[in-house]
Amino acid sequence: MEHDPENAARPAQQHLEWHEGDMPYSAEFGDHFYCRTDGRLECGHVFLAGNGLPERWTGGDDFTIGELGFGTGLNLCETVRQWRQTRGDAGNLHFISFERFPMQRGEIARALSNWPEIERERAELTAHWPDAPDGTVTIDFDSRTRLSVVCGTALESIETHPGRFDAWFLDGFAPSRNPDMWSLALMSALFAHTVEGGSFATYAAAGFVRRNLQTAGFSVERRQGFAGKREMLCGKKPVVGV
Numbered sequence: 062m063e064h065d066p067e068n069a070a071r072p073a074q075q076h077l078e079w080h081e082g083d084m085p086y087s088a089e090f091g092d093h094f095y096c097r098t099d100g101r102l103e104c105g106h107v108f109l110a111g112n113g114l115p116e117r118w119t120g121g122d123d124f125t126i127g128e129l130g131f132g133t134g135l136n137l138c139e140t141v142r143q144w145r146q147t148r149g150d151a152g153n154l155h156f157i158s159f160e161r162f163p164m165q166r167g168e169i170a171r172a173l174s175n176w177p178e179i180e181r182e183r184a185e186l187t188a189h190w191p192d193a194p195d196g197t198v199t200i201d202f203d204s205r206t207r208l209s210v211v212c213g214t215a216l217e218s219i220e221t222h223p224g225r226f227d228a229w230f231l232d233g234f235a236p237s238r239n240p241d242m243w244s245l246a247l248m249s250a251l252f253a254h255t256v257e258g259g260s261f262a263t264y265a266a267a268g269f270v271r272r273n274l275q276t277a278g279f280s281v282e283r284r285q286g287f288a289g290k291r292e293m294l295c296g297k298k299p300v301v302g303v
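This note's numbering numbers the first residue of the sequence shown as 62 and each following residue consecutively.
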């Protein structure tokens, strides 16, 4: 999950605490980086299923996922795992994440150590993660699977990004603790950089988040949240003329 991208007063180096062994916790934002029940299963329920994945990428076309907040890389690793299991004979996956304060290699390795299911992806990610991540970090997991982590403020990075996205994982810290990551300006930038029929999904269900997404132009649907959470949000960019 990304630290506040719009507030320059935030420290440039994140300060982590470790709860329950290997679960990272942001001291600045008072929030964990992933669901305490099971962050990997949450990724499958919220971000993958919420975007109609893996079904949407099995047709063989290239597919681009955007993510707000790379954090530990957990969503990336679970997505790559499922992509490898379900992809067709053609098509490439480009996972592009926007992160203001990238973690260090050892922190990522520790945070992902509890899931044997993604050990292959964890090892690949940490083996190629730079000592001082900056600019755009690019890692090719194989000839059809690329990660790009854009280090910088989310709004500026997305507004200047040349491409369009098929799906979004909105995974910043909780809206109550990091409201700038859910602002109307940022949601509008996401909408402008989403293909027609493209989608988003998020664990968040706060009223102002839903309203900002709708005002930006997305259709918004409430669904059952993960691990007893009442609601999550997902939706699409309408297709013009439909």
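Don't take each hint at face value.
[Stated by the list, open to error] The list that follows gives simulated cross-link-like pairs (lysine to aspartate or glutamate, DMTMM-like), each with its CA atoms no further than 20 Å apart:
id : residue 1 : residue 2
1  : K297      : E185
2  : K297      : D123
3  : K290      : E257
[Unchecked claim] Computed spacing ranges between beta-carbons, pair by pair:
id : residue 1 : residue 2 : range
4  : G302      : A253      : 30 to 36 Å
5  : D201      : R238      : 16 to 22 Å
6  : G278      : D150      : 20 to 26 Å
7  : R238      : V300      : 17 to 23 Å
8  : R181      : R272      : 26 to 32 Å
9  : R238      : E282      : 36 to 42 Å
10 : P177      : K290      : 23 to 29 Å
11 : S237      : G113      : 24 to 30 Å
12 : V300      : G196      : 20 to 26 Å
Calculated directly from the structure, the hints in this document are not laboratory data.
Glycine included, each C-beta is placed from N, C-alpha and C at the ideal position.
Okay, the hints, checked on the actual structure:
no. : hint                       : result
1   : K297 with E185             : 32 Å, violated
2   : K297 with D123             : 18 Å, holds
3   : K290 with E257             : 30 Å, violated
4   : G302 with A253: 30 to 36 Å : 19 Å, violated
5   : D201 with R238: 16 to 22 Å : 34 Å, violated
6   : G278 with D150: 20 to 26 Å : 35 Å, violated
7   : R238 with V300: 17 to 23 Å : 35 Å, violated
8   : R181 with R272: 26 to 32 Å : 41 Å, violated
9   : R238 with E282: 36 to 42 Å : 24 Å, violated
10  : P177 with K290: 23 to 29 Å : 25 Å, holds
11  : S237 with G113: 24 to 30 Å : 28 Å, holds
12  : V300 with G196: 20 to 26 Å : 35 Å, violated
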